[in-house]
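*Asks:* Read off the chains here:
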Amino acid sequence: MALLELKNVTKYYAGPTPALAGVSFTVKEGEFVSVIGPSGAGKSTLLRCINRMIEVTGGEILFGDLAVSKLKRRDLRKLRTGIGMIFQHYNLVDRLTVIENVLHGRLGYKSTLAGVLGLYSREEKMQAFNIIKILGLGEQVYQRCDQLSGGQKQRVGIARALVQNPKMILCDEPIASLDPNASKIIMDYLKKIANGMGITLICNLHQVNVALAYSDRIIGINKGKVVYDGPPGKLTADLTSEIYGTESGELIVDWGERYAS
Amino acid sequence: MIKFEEPIDIWGQISPEHGYTVHGAAGALPFKPLNRQALAMRIFLLVISLLTIYALLTIDYRSVDVAKAAADTLNNLKIIFLQPDTHRLSLRDAFYEVVITMGLAFLTTLFGGVIAFFLGLLGARNLAPKQVTNIVKGFVAFIRAVPTILWVLIFAVAAGLGSAAAVIGMTFHSVSYLTKAYAESFEELDRSVIEALSASGANWWQIVFQAVIPSAATSILSWTFLRYEINFANAVAMGAAAGAAGIGFDLFMAGGYYFDLREVGLITYIILAFAMALEAVATGLKGRIRQNPR
Ligand SMILES: Nc1ncnc2c1ncn2[C@@H]1O[C@H](COP(=O)(O)OP(=O)(O)OP(=O)(O)O)[C@@H](O)[C@H]1O
Ligand SMILES: [Mg+2]
Numbered sequence: 001m002a003l004l005e006l007k008n009v010t011k012y013y014a015g016p017t018p019a020l021a022g023v024s025f026t027v028k029e030g031e032f033v034s035v036i037g038p039s040g041a042g043k044s045t046l047l048r049c050i051n052r053m054i055e056v057t058g059g060e061i062l063f064g065d066l067a068v069s070k071l072k073r074r075d076l077r078k079l080r081t082g083i084g085m086i087f088q089h090y091n092l093v094d095r096l097t098v099i100e101n102v103l104h105g106r107l108g109y110k111s112t113l114a115g116v117l118g119l120y121s122r123e124e125k126m127q128a129f130n131i132i133k134i135l136g137l138g139e140q141v142y143q144r145c146d147q148l149s150g151g152q153k154q155r156v157g158i159a160r161a162l163v164q165n166p167k168m169i170l171c172d173e174p175i176a177s178l179d180p181n182a183s184k185i186i187m188d189y190l191k192k193i194a195n196g197m198g199i200t201l202i203c204n205l206h207q208v209n210v211a212l213a214y215s216d217r218i219i220g221i222n223k224g225k226v227v228y229d230g231p232p233g234k235l236t237a238d239l240t241s242e243i244y245g246t247e248s249g250e251l252i253v254d255w256g257e258r259y260a261s
Numbered sequence: 001m002i003k004f005e006e007p008i009d010i011w012g013q014i015s016p017e018h019g020y021t022v023h024g025a026a027g028a029l030p031f032k033p034l035n036r037q038a039l040a041m042r043i044f045l046l047v048i049s050l051l052t053i054y055a056l057l058t059i060d061y062r063s064v065d066v067a068k069a070a071a072d073t074l075n076n077l078k079i080i081f082l083q084p085d086t087h088r089l090s091l092r093d094a095f096y097e098v099v100i101t102m103g104l105a106f107l108t109t110l111f112g113g114v115i116a117f118f119l120g121l122l123g124a125r126n127l128a129p130k131q132v133t134n135i136v137k138g139f140v141a142f143i144r145a146v147p148t149i150l151w152v153l154i155f156a157v158a159a160g161l162g163s164a165a166a167v168i169g170m171t172f173h174s175v176s177y178l179t180k181a182y183a184e185s186f187e188e189l190d191r192s193v194i195e196a197l198s199a200s201g202a203n204w205w206q207i208v209f210q211a212v213i214p215s216a217a218t219s220i221l222s223w224t225f226l227r228y229e230i231n232f233a234n235a236v237a238m239g240a241a242a243g244a245a246g247i248g249f250d251l252f253m254a255g256g257y258y259f260d261l262r263e264v265g266l267i268t269y270i271i272l273a274f275a276m277a278l279e280a281v282a283t284g285l286k287g288r289i290r291q292n293p294r
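Quick note, the sequences are listed as chains A and B, same order. The first sequence stops at residue 261 when you use our numbering, and every number in between is there. The second sequence stops at residue 294 when you use our numbering, and every number in between is there.
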């Protein structure tokens with residue numbers, strides 16, 4: 001069943017060249033989709049159009065049966081509550097503890113006053129604790145986030161997204177600031193979230209071999225256009241060069257690793 | 001993220017022994033040619049020095065004996081600072097008056113802080129649209145450019161000289177000072193964090209109270225204390241200048257009306273003691289906030 005459908009989405013910023021030029025695709029429930037493409041291709045723009053952090057210029061986005069671009073303020077809030085997001089730089093409140101940051105994921109469900117006062121129910125707190133424990137941060141629950149390593153911060157970011165009970169999580173280069181070890185841990189968790197919990201993942205990635213190893217499907221974009229959309233198995237070296245607009249052989253991709261996972 | 005690509009050995013040379021210079025960068029800096037601003041500054045200083053010398057040479061001392069005047073001044077200072085005493089004002093009254101002055105400072109800091117909190121939210125670039133922050137920051141900069149005492153005198157036109165004018169005028173200036181400080185404290189939280197929270201469905205007020213304020217709490221408290229200290233000094237001055245009661249008024253009466261130097265000395269010492277106590281409390285609080293930043 002299609003959870004997300006993009007129809008001919010375009011986005012123009014100030015200039016005459018579009019950041020997105022007629023992007024169309026559908027994503028099924030529980031699918032792990034990686035979006036790859038060179039810097040400036042429009043990956044981040046694409047992700048932010050889906051939860052309307054950026055307004056599209058043209059086209060249509062359907063999430064479930066909601067037409068994203070037509071939502072009123074209150075419904076938009078509901079839409080965003082159902083979509084988690086994680087970031088390259090984690091975007092946590094450094095001065096607050098792990099549990100406080102994770103509970104922020106619940107704010108969208110609350111009245112303004114309850115949110116302002118930080119009134120979380122017992123169930124919400126239990127759920128937050130459980131997610132934190134599952135992500136292996138049980139000992140850091142009350143630590144301030146600026147005392148955590150990058151990998152731990154990203155897990156807090158994931159926990160904050162999960163506590164929203166989202167149908168879908170958008171990841172904007174989740175491992176771009178992490179070392180290979182921490183990257184692997186994060187990607188393994190993301191894989192479990194998609195395949196084990198049935199949450200749809202759309203993940204911008206810079207590392208082609210990571211995309212090859214982990215995703216069910218890869219979308220390659222270049223200059224705002226989708227130039228590849230298919231399973232990792234069919235992504236050849238030539239197609240990859242086309243996505244990145246380079247001569248084949250110039251890219252550092254370990255094609256052997258696609259069978260590693 | 002910024003990455004420093006220079007080899008480590010260059011950084012090794014940036015050390016006190018090397019006089020903080022990076023070797024390899026072309027030796028000594030050439031002298032900067034005089035630009036227009038520097039030239040104007042020099043001419044200004046020259047003219048001022050010439051005028052000063054001229055004034056000192058041509059001043060009309062009349063019957064003032066400079067040596068005797070200096071000695072008398074020293075004698076007065078000796079009376080003020082070495083023989084403080086009380087005549088009309090009992091020690092208990094004096095303390096009571098100081099408490100009034102502190103109350104004036106507290107009230108104006110409180111009023112100013114509450115108003116500045118909301119204005120600060122509108123003045124923070126990560127929380128409000130650019131046009132709004134520009135208006136708020138411009139407005140507040142204008143208020144701050146005019147000294148507190150002038151605002152008090154301006155409001156005295158409507159409220160009459162006294163405590164009401166002092167409270168309004170001091171609040172006014174506190175608002176502008178604190179708005180700038182608060183807005184800058186709020187801006188400490190990166191825009192991307194705010195983006196992350198609004199992407200999860202949190203609304204503006206929730207983000208302000210759950211993320212922005214916790215991040216800014218330390219600086220907000222420090223700025224508020226700093227302003228309280230300033231307002232205490234202002235409140236003393238307003239007591240004298242605007243008749244706003246408190247210890248400043250007593251100081252004015254003792255000095256300007258009764259010419260009671262001993263009492264001036266006593267009051268000065270009392271104010272000094274309170275100011276120091278205030279400073280100590282503020283320092284202690286700041287230290288505690290820093291240790292336990294929540
Ligand atoms: N806020 C903005 N205002 C104007 N132009 C923008 C803005 N954000 C992005 N762009 C432009 O849109 C294009 C796509 O940017 P986007 O950030 O989506 O690329 P990206 O694929 O995420 O790149 P990267 O891999 O470097 O993150 C770029 O040409 C960029 O300059
Ligand atoms: Mg990007």
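Take these hints with a grain of salt, some might be off.
What the hints assert, rightly or not - Below, a list of computed lysine-lysine pairs in the DSS-like style, where the Cα atoms sit at most 30 Å apart: (1) K184(A) to K234(A); (2) K68(B) to K78(A); (3) K78(B) to K70(A); (4) K70(A) to K184(A); (5) K72(A) to K68(B).
To be verified - A partial selection of chain B residues facing chain A, derived with a Cβ cut-off under 10 Å: (6) I154; (7) A158; (8) G160; (9) W204; (10) I207; (11) L221; (12) T224.
If you're looking for bench data, these hints aren't it; they were derived computationally from the structure. In this text, a Cβ means the ideal position worked out from N, Cα and C, and glycines have one as well.
*Asks:* For each hint, tell me whether it holds in the structure or not.
*Replies:* Hint check:
1. K184(A) to K234(A): With Cα atoms ~23 Å apart, K184(A) and K234(A) stay inside 30 Å; holds.
2. K68(B) to K78(A): Between K68(B) and K78(A) the Cα gap is close to 84 Å, so the pair fails against 30 Å, i.e. violated.
3. K78(B) to K70(A): violated, 80 Å
4. K70(A) to K184(A): Given pair K70(A), K184(A) is violated - Cα atoms ~38 Å apart, limit 30 Å.
5. K72(A) to K68(B): violated, 83 Å
6. I154: Hint on I154(B): violated, closest Cβ of chain A at ~37 Å, above 10 Å.
7. A158: violated, 37 Å
8. G160: violated, 41 Å
9. W204: holds, 9 Å
10. I207: At 8 Å from the nearest chain A Cβ, I207(B) passes the 10 Å test, so the hint holds.
11. L221: With Cβ-Cβ at 13 Å, over 10 Å, it is violated.
12. T224: violated, 18 Å
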